Amino acid sequence: MKKTDSPSFAAGYESVQEPEINGDAPDKRAGILDPCGNTWWIAIQVK
Numbered sequence: 001m002k003k004t005d006s007p008s009f010a011a012g013y014e015s016v017q018e019p020e021i022n023g024d025a026p027d028k029r030a031g032i033l034d035p036c037g038n039t040w041w042i043a044i045q046v047k
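Heads up: the sequence shown begins at 1 in full-length UniProt numbering, then just goes up one per residue.
No lab work stands behind these hints, which were simulated from the structure alone.
Given the structure is predicted, the values throughout are model-derived calculations rather than measurements.
C-beta atoms are modelled at their ideal positions from N, C-alpha and C, and glycine is treated no differently.
Hints are supplied without guarantee of correctness; some may be wrong.
Distance windows between CB atoms, simulated [to be verified]: (1) Glu18 with Lys47: 30 to 40 Å; (2) Ile42 with Ala10: 16 to 26 Å; (3) Glu14 with Ala43: 15 to 25 Å; (4) Ala11 with Lys47: 30 to 40 Å; (5) Lys47 with Ala10: 27 to 37 Å; (6) Ser15 with Val46: 13 to 23 Å; (7) Gly12 with Lys47: 15 to 25 Å.
Go ahead and model the full structure; you've got the sequences and the hints to work with.
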């Protein structure tokens with residue numbers, strides 16, 4: 001599924017940061033902005 005096909009993005013959410021691993025960090029992080037202006041940060045440990 002492409003990001004733009006997601007129901008969340010169809011409802012008005014926007015990507016703040018694409019999922020990525022920064023340097024030696026043990027997790028992958030992403031951020032989204034909801035329609036009310038709240039920024040949500042999501043992380044999953046990968047190492």
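Hints versus structure:
1. Glu18 with Lys47: 30 to 40 Å: violated, 19 Å
2. Ile42 with Ala10: 16 to 26 Å: holds, 18 Å
3. Glu14 with Ala43: 15 to 25 Å: holds, 18 Å
4. Ala11 with Lys47: 30 to 40 Å: Cβ of Ala11 to Cβ of Lys47: about 32 Å, so the range 30 to 40 Å holds.
5. Lys47 with Ala10: 27 to 37 Å: holds, 33 Å
6. Ser15 with Val46: 13 to 23 Å: holds, 19 Å
7. Gly12 with Lys47: 15 to 25 Å: violated, 33 Å
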